[in-house]
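*Asks:* First to last, the sequence lines map onto chains A and B.
The opening residue of the first sequence carries number 6 in the working numbering; numbering runs sequentially from there.
The opening residue of the second sequence carries number 356 in the working numbering; numbering runs sequentially from there.
Careful: at least some of the hints might be erroneous.
[Claimed, not checked] Heads up, simulated SDA-like pairs for lysine to any residue below, C-alpha to C-alpha not over 25 Å straight-line:
#1 A:K50 <-> B:R408
#2 A:K41 <-> B:R408
#3 B:K398 <-> A:S104
#4 A:K56 <-> B:Y414
#5 A:K56 <-> B:R442
#6 A:K56 <-> B:T383
#7 B:K398 <-> A:R29
#8 A:K56 <-> B:Y415
#9 A:K56 <-> B:V448
#10 A:K50 <-> B:A378
#11 A:K118 <-> B:G399
[Said to hold, decoys possible] Example chain A residues on the side facing chain B (calculated, C-beta under 10 Å, incomplete):
#12 Y47
#13 K56
#14 V57
#15 Y98
#16 Q100
#17 N105
In short, the hints are calculated from the structure, not lab data.
Values in this document were obtained by computation on a predicted structure and should not be read as measured data.
Beta carbons are placed, not taken as given, at the ideal position from N, Cα and C, and that holds for glycine.
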Amino acid sequence: DIVMTQSPDSLAVSLGERATINCRSSQSVLSRSSNKNSLTWYQQKPGQPPKVLIYWASTRESGVPDRFSGSGSGTDFTLTISSLQAEDVAVYYCQHHYSNPNTFGQGTRLEIK
Amino acid sequence: EVQLVESGGGLVQPGGSLRLSCAVSGFTFSRYWMSWVRQAPGKGLEWVANIKRDGSEEYYVDSVKGRFTISRDNARNSLYLQMNSLRAEDTAVYYCAKGGDYWHYGGQGTLVTVSS
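Next comes chain A alone, as it looks inside the complex (with noise of 0.2 Å):
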């Protein structure tokens, strides 16, 4: 099984300022047929599903604003938002599909510092 680990677990910014999220995959989930990483990013607020920020590794998602990118291959990824805003205080998870279990990140809580 692929283990997806985030850091950090916590994170708290200033509003304004840039968050910067990790997510590491104990093995590669870069389909070589495709060359797509198959990794997504989701945004989950209290009582919410989780909502898909960027998928493929780094394709945003239609509406999603574009203060949230995402980048890297292979085994390690990034979700970034450029400039914090108070409506981002979430929990942010990575998951890959690239083999069964489609695993998750533990998760990563943004506060607003």
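Keeping the supplied structure of chain A fixed, place chain B upon it in accordance with the hints.
*Replies:* Same frame as chain A, now just chain B:
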């Protein structure tokens, strides 16, 4: 618009059974893999199971193998999760998800509480 509506949760005693349902609309159900994930109170997300478009393949997390069964009825646009031999550690909100480029979680989930 993709809609996923989970139901069937509730309070059940250890060792008991429940069947969760997920009614979908807004997309051609039979064309997509589907999955269940869960979230224990105050904890992170855990992928539970998924099922191929035609139901011919199923995959489970080790902790539920032999106890849970995922199934689908493409004629009824519905996904199911039969949960047997329930344990306290199965207590969670269960979400269904639509496959594709990513797993789409759109419903509010259904709460399963296993307690005596």
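*Asks:* Quick one: which hint numbers does this structure break? Sort them smallest to largest.
*Replies:* 1 and 5
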